[in-house]
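Line order of the protein sequences matches chains A and B.
All letters in the first sequence, in the order written, are residues 1 to 815 by this note's numbering.
All letters in the second sequence, in the order written, are residues 1 to 815 by this note's numbering.
One or more of the hints may lead you astray.
Heads up, the list lumps identical chains together, so a pair's fine if it works in one copy or across two of them.
Once the Cα atoms are required to be at most 25 Å apart in a straight line, the calculated DSS-like pairs of lysine-lysine come out as [to be verified]:
no. : residue 1 : residue 2
1   : Lys-264   : Lys-298
2   : Lys-669   : Lys-449
3   : Lys-692   : Lys-225
4   : Lys-672   : Lys-316
5   : Lys-298   : Lys-246
6   : Lys-374   : Lys-672
Quick caveat, the hints were computed from the structure, so don't treat them as lab data.
Since this is a predicted model, take the numbers as computed values, not measurements.
Each chain, letter by letter, is given below.
There are 2 protein chains.
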Amino acid sequence: MATLQDIGVSALINLFGAFLFLIAFAVLRIQPINDRVYFPKWYLTGDRSSPRRTDGTIVGKFVNLNFKTYFTFLNWMPQAMKMSESEIIRHAGFDSAIFLRIYTLGLRIFAPAMVLALGVLVPVNVSSGTLFFLKKELVVSNIDKLSISNVQPKSSKFFFHIGVEYLFTFWACFMLYREYNNVANMRLHYLATQRRRPEQFTVVVRNVPDIPGHSVPDTVDQFFKTNHPEHYLCHQAVYNANKYAKLVKQREKLQRWFDYYVLKYQRNSHKKPFCRTGFLGLWGQMVDSIEYYKQQIKEFDHSMSLERQKVLKDSKLMLPVTFVSFDSRWGAAVCAQTQQSKNPTLWLTSSAPEPRDIYWENLAIPFISLTIRKLVIGVSVFFLVFFYMIPIAFVQSLANLEGLERVAPFLRPVIRLDFIKSFLQGFLPGLALKIFLWILPTVLLIMSKIEGYIALSTLERRAAAKYYYFMLVNVFLGSIIAGTAFEQLDSFLHQSPTQIPRTIGVSIPMKATFFITFIMVDGWAGIAGEILRIKPLVIFHLKNMFLVKTEQDRERAMDPGFVDFKETIPSLQLYFLLGIVYAVVTPILLPFILVFFAFAYLVYRHQIINVYNQQYESCGAFWPHVHGRIIASLLISQLLLMGLLASKEAADSTPLLIILPILTLSFHKYCKHRFEPAFRQYPLEDAMAKDKAEKETEPELNMKADLADAYLHPIFHSFEKEVESSSSSSEEEKHQEETPEVRVDKHETQSSTPVTELGSPSHHHYAYNSTSPSHYTTAYEQSSSHYATAYEQSSSQYEYNYETQRYEEHEYRYN
Amino acid sequence: MATLQDIGVSALINLFGAFLFLIAFAVLRIQPINDRVYFPKWYLTGDRSSPRRTDGTIVGKFVNLNFKTYFTFLNWMPQAMKMSESEIIRHAGFDSAIFLRIYTLGLRIFAPAMVLALGVLVPVNVSSGTLFFLKKELVVSNIDKLSISNVQPKSSKFFFHIGVEYLFTFWACFMLYREYNNVANMRLHYLATQRRRPEQFTVVVRNVPDIPGHSVPDTVDQFFKTNHPEHYLCHQAVYNANKYAKLVKQREKLQRWFDYYVLKYQRNSHKKPFCRTGFLGLWGQMVDSIEYYKQQIKEFDHSMSLERQKVLKDSKLMLPVTFVSFDSRWGAAVCAQTQQSKNPTLWLTSSAPEPRDIYWENLAIPFISLTIRKLVIGVSVFFLVFFYMIPIAFVQSLANLEGLERVAPFLRPVIRLDFIKSFLQGFLPGLALKIFLWILPTVLLIMSKIEGYIALSTLERRAAAKYYYFMLVNVFLGSIIAGTAFEQLDSFLHQSPTQIPRTIGVSIPMKATFFITFIMVDGWAGIAGEILRIKPLVIFHLKNMFLVKTEQDRERAMDPGFVDFKETIPSLQLYFLLGIVYAVVTPILLPFILVFFAFAYLVYRHQIINVYNQQYESCGAFWPHVHGRIIASLLISQLLLMGLLASKEAADSTPLLIILPILTLSFHKYCKHRFEPAFRQYPLEDAMAKDKAEKETEPELNMKADLADAYLHPIFHSFEKEVESSSSSSEEEKHQEETPEVRVDKHETQSSTPVTELGSPSHHHYAYNSTSPSHYTTAYEQSSSHYATAYEQSSSQYEYNYETQRYEEHEYRYN
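The whole structure should be built from the sequences, with the hints applied where relevant.
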């Protein structure tokens, strides 16, 4: 166990490490060449289209030559604090703003708790001094002198600890209540002030029954016309588009090659690019690349439009899922919240997630399979959490030196070298564990996908829950009690329920120094690493050097990433747990937690403003989980404190603690009743108010046109976008330079309600309400033939525009 | 421990006891004088208005003189089986029919299980014979030779037991699934074919917010007009009518005295009855009783109409609860299932229970208090279940001889008698326990009332749940493990979780004989006592002798009672638990269970057809609980079998059982998803279908008139009924004799949609939809002044009719 001095040294080292990261960040971020790594969000919002330059020279385009800026290396901090919360909501979305509130909640809970604990408990602990006298016999650190370990058994001083635990719990609950209230109100306000969006009017219906002789659209149409006659508007069938998705991918590849060769030709206009048609371009006939790919794309577009037609027409490829739209928010809210059919496994309705939040692959899972899937995954998660060492041990046993020699005998001379041997022996087993922990979030996400949730946001929340269990058992309990989780489970099964908190409680104060070190290494240094974005930085520059062929590729190489809620939130919850458990036991841990929360808040605020671009908007749907797990941490801390006090034979005072978990649980129940519905359901009052307000401002609204294909599989949109982008790219590029605002609107429209710009929208807003299926098909054929023509036109125009456009751009960038 | 012979003897004794009960029942039921005790249901349905007579003589009116009927003493059994299920539903309600299905479910589960267990396990157990050889050392009964105890530890024969447990679980789940499916379909069908009833159109809204300057009706009206504009019809406010209820009670008393004196006068028409006005009629002024009570009633009616007016006008007496009616079932279903307000603690909507199912006192409980109440009751139930011996021991310590002497010193000489002393010493402590167990269901019901549920059916279900927990811990576990529940809890807390099933499992086979005796005493004899109805029989005859003054009183003295679900269903579930646990362990218990189920089925079928009159109709809402607790029993049996086998060191076979609880739980989850919504929510599809069908048959329906005061507090109806009955009793009595069908309709109308018959209904269908409160009040004053006049008229008419009517009746009965 470390003394205070050791921890001081460790803190200094970690602070120095974090400081180095920050210096590196300060230098790297002001280089224009890194601009797309550290400020991608501004490119995406359209506020910036090329790196800021301090100098007009060529070198100034890549390196920052204004040396003054190097000395203000922390000025990103005040910059990060400048933006107000409402601006963050507008700029980065509601989820990001709410995510930041987790950190401020941590600060608000732990700052007064630290003052209280350090002010009251540390003097009490120090003055008690059992360990002080036993020093020579026991190996006891200075830290333990400040912790509850220092208090003599049966001491009446434990009343102080219990009192502080009560105060701390009340304070934490008060802050939790205030925050839940704020977040719930903010969410309702956000929903109320949101612009018209398709998800407000749409309900996803699963398990549409298969009525023989009726197609899915007919069944749906009839059902909703009967049961929601006043508000039903139209619906969007969901297609099994796997084959089509493959074609779209291939076409994109062709398009990239085409762009590449055109670019190559422009750089070397005297030499026409040629390529071979065979495998990987290694053999086969020599052809003119540009002509070849143009031809290929044309053929592809034809076969794609055929396939597209086939998918949309073939009723066998239609899944028993549909997006039903209503003419009012009220109608959609009613349909989402009610039970439709007398068979509760049919016609399952729920509010539709926003289009970009949908995980299309899971839409077709039938009801009975969902129960089985959840059971299987539940059992798997249990085994993963408690027995995760078994597969790793297995891999480790394979990945030892003998195994390596067997698999790759030619490596034998190398492996036999002493240096390499010892390195491998130390390294391989650890590597297996590292790889496992690294892929764990992905594995958990895949498990959640198997469970069959249809929204990405739900999937991430489920994965986060699993990750939290894993960390709770393996990081928290696993560090406190030596041995694997499986061994713990086994020993818990053979202990009495009252013994378990005692066993854990006793070890808790002894592990304080370990967790302080953990907070510094994983928390402080980890966050400093987060702001440096080493991985995206390296990947961006590698891509820039080797892969970027066109400006579009550069756009693609710019990877803003997103706050990975499924990993970040559980980690954060672990810090909450540590703070809450140690607040009373070893209060000296609290300052470290506070520094972590403050630093992480600044860093994530900066990252959210400048870097990350969230994939979807769940309107803070993760808050109930954040709240619930902090409550769970409170309960764990109370239980462990009870166990700890019981082991200290503080029989007078321990029973006082029994009321606390009951109060905490009731508080949780109350909050659940009071606030959770705001995150689950759309209240009719709000829906009606918004409907009315809209009707007054826009009485002549053609809702149907807006909603018709908002929920078309994105794969169908991507084809349209492809066509569209090629036809309109020339104008768009210019727009970007002149009026950034226009670009913003454009972008948002594309991601939320993609409107195709080819022809009038009415052309592919299929006549859903028509009762005859033939009409339906006809409308489709018209629209797709229209596409074909439109594409022909646009691509010839494209060729014409292309040369001048790309050329100008090329000049602009590299001259 | 008993041998097979002992059990045989015990069975014979119990069979003989049950036989005696049945003989007594057979004799008593055919006496005309007991007709209202054993066949009250037929009086209530109107099929019978006077006892069946076999003989025209005066004696024949009281005693059955047809001696042939005495010899067919079991002929109630085939009679009970005659009625089909659909007839039972029509005759006794849906709840009763579903209640009977619990017994048939028991028969269906246990009959094949018995064949299997007796056919397979008993030979296996007998052939194993450990105990057979150890006979001399161990005190082992013959029953144990047939049980699992007889199998040697580590024997591979346990595979048979595990196999049978698997088969039995699968069979039980299959039957449970089928039955749940049947019941859910029957319920939906019943709801779909039900006549128009107010609860189909009504939603109960709790926590109406208090908006300053607006009265509750205004707020409600505005809210629902805004948020449910298309379907909102009207609403019924709820008043705090405690004072008025008191007046109603007093008036009823006066009315009874009035009736009594009138009757007296008729019997002795030459002597006018007089009475004193003072306390208990012991002193004070002598007055003409008839005149005096007539005057009193008149004054009372005046002050009642004033009070009534006051209650209905005073906005302070209006509770923040209201019954909101819609013009369609669809509208009501939508409102009940959706969230109304952005504050989820306001405007809480749920489907209204039927009017006679409402527990009015709980309607005013605010939301925050509900959480606290549930918490307090939850904790209390926990203590009641585990520490119920403490208050009893306390009472017992008071109720010993010394305590009695202290409290009542004058009893000392009596108590000092040896005989009395020993009797009291043996009797008093037991009495305290008996009284406690006797009042327990009532206590549990009161606890449920404190929890704040607003429907009687819910209250009973909650009380049943608590009773089940009590019996599970104190009867089942308490019998298996010696010691009080508290001692068990203490020992469980100090045992490891894997040790608990082992501890219980080991004792299980040893307690088989106890439970067999329990089944015979509590089950067989208890059920035979049930059919005899000793308590109602005695009370009816006592009332008949001393209290019955008028024919109306005789009607009142006839107490059909009702199936007390809150006591019967948990007891039944205990039998299921016993059967399921012992099916594999001691299969010889199964025949006893089967006899119980068969016999109880017959008895309850008879009682439901001839006696009981349910207070309300919950449409089988208790079935999910029945299903859930049978599943819980399966889980308990699996766990205990695992513990038992572990203690038998059957290490090869025990792990095979681990899968079974997981499968059972998933089955339960699936059933919950699949069937439970049918018991919770009214599907929109059904609502719409029923609305449409009704609109076609009755296009010009005045819904508002039907619904206007269906949900008026019954206290207000009772006043109207009082008035009504006095005015229309003369015609009604005759109707009863001539056309029983008319009477049926009349009765049903009264209990479900009470329609007042004074004046046209429109008079007190207050103008709810008017926006000005003044209009509201005026309508009221009109209606109540109307009442006053109507009453005057009716009571004078009443006097006129009374003499002839009562006189005729008197003649008819007693001459």
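Going down the list of hints, with the structure as the test:
1. When the C-alpha separation of Lys-264 and Lys-298 is checked against a cutoff of 25 Å, the pair qualifies only within one copy, where the shortest distance is 21 Å, while the shortest distance between copies is 109 Å.
2. In the homo-oligomer, the alpha carbons of Lys-669 and Lys-449 lie at most 25 Å apart only across protomers (20 Å), although the nearest pairing inside one protomer, at 29 Å, exceeds that limit.
3. For the homomeric pair Lys-692 and Lys-225, the shortest alpha-carbon distances inside one copy (23 Å) and between copies (13 Å) are both at most 25 Å.
4. Proximity of Lys-672 to Lys-316 under the C-alpha cut-off of 25 Å is found in neither arrangement, the shortest distances being 43 Å within a copy and 31 Å between copies.
5. Proximity of Lys-298 and Lys-246 under a CA criterion of 25 Å is satisfied intra-copy only: 17 Å inside one chain copy versus 90 Å between copies.
6. Within a single copy, Lys-374 and Lys-672 get their C-alpha atoms as close as 24 Å, and across copies as close as 14 Å, so both meet the 25 Å cut-off.
In this structure, the one hint that does not hold is number 4.
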